[in-house]
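Colleague: The residues making up each chain are set out below.
Protein chains: 2
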Amino acid sequence: MAFPPSKAMASALAEARAAAVRGEVPVGAVVTDAAGNLLAQAGNRTRELRDPTAHAEMLAIRQACAALGSERLIGCTLTVTLEPCAMCAAAIAAARLERVIYGASDPKSGGVEQGAKVFSHPQSHHRPEVVAGVAETECAALLKDFFAGRRG
Amino acid sequence: MAFPPSKAMASALAEARAAAVRGEVPVGAVVTDAAGNLLAQAGNRTRELRDPTAHAEMLAIRQACAALGSERLIGCTLTVTLEPCAMCAAAIAAARLERVIYGASDPKSGGVEQGAKVFSHPQSHHRPEVVAGVAETECAALLKDFFAGRRG
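Protein chains in written order, with my numbering: chain E, 737 to 888; chain Z, 737 to 888.
In isolation and in its complexed conformation, chain E is listed as follows (with noise of 0.2 Å):
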């Protein structure tokens, strides 16, 4: 695999440690194809884009859509930091990705395991598999001295 997952983690990570440089809350997400081809890699943007919607994950994903010029990532995996939120989650669905791979849990504002559980509903219409738990003590890590420095 010309990509393997834990490289794309180790990517993932970098974008989020990017983005707290940048001052934005630490996720970073990248999506690889079904060979491992690194397709997108992105950090969360929301503050500097002044977008609600800049999530790493949301900008992964349109960024891998542009690449492949498709809607559709079939066979695709999305590697993030952080447990996708319900907007996140929703997008996965949509983009038909067949794989999410992710670190943290996110008891406060996910979407997958938590609260709104996306993928668990028919209104969802399609639902990847999901592997929760990778590198998760150093992406928990990364949020955790990000809002600690915030509030120092």
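Treat the hints as calculated values from the structure; they're not laboratory data. The C-beta atom is built at its ideal place from N, Cα and C for all residues, glycine as well. Don't take every hint at face value.
Among chain E residues calculated to face chain Z with C-beta under 10 Å, some are [as the list claims (entries may be wrong)]: (1) H791; (2) L804; (3) S806; (4) E807; (5) L809; (6) C821; (7) C824; (8) S845; (9) G847; (10) Q850; (11) A852; (12) S860.
Using the hints, position chain Z against chain E.
Modeller: Just chain Z now, with coordinates in the frame of chain E:
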């Protein structure tokens, strides 16, 4: 009010009809501010943009945020012809829209009254006022005619 709710829904319906002409699922949305001024209007462009996130509501929210230079649409109303899906509902909450007015319910893909019921969970950090069923017959007929035409 410069742009009363009925006028907002008329504009959303016009956007939905224009989307149908472009071969898109006919959904239209507008954002108005607290004084009733029109901030943004958009129709569904998922096919044209090859972007699964390019729902009418998402485009209108992003346009309105750009118009105000803010990632929060405090005091604003989103008027849309169809019940928002989970992605759009969560974006509405993220944008802190005060009110959502929609036309037709969407048992198949809706995320407000159906399925994910995005606003009903504590992970949704904002719960807008929801007004459903405005110009419902007209909004639903547009969709029905569009899909009937596709099967024809």
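Colleague: Please list, smallest to largest, the hint numbers that this structure does not respect.
Modeller: none
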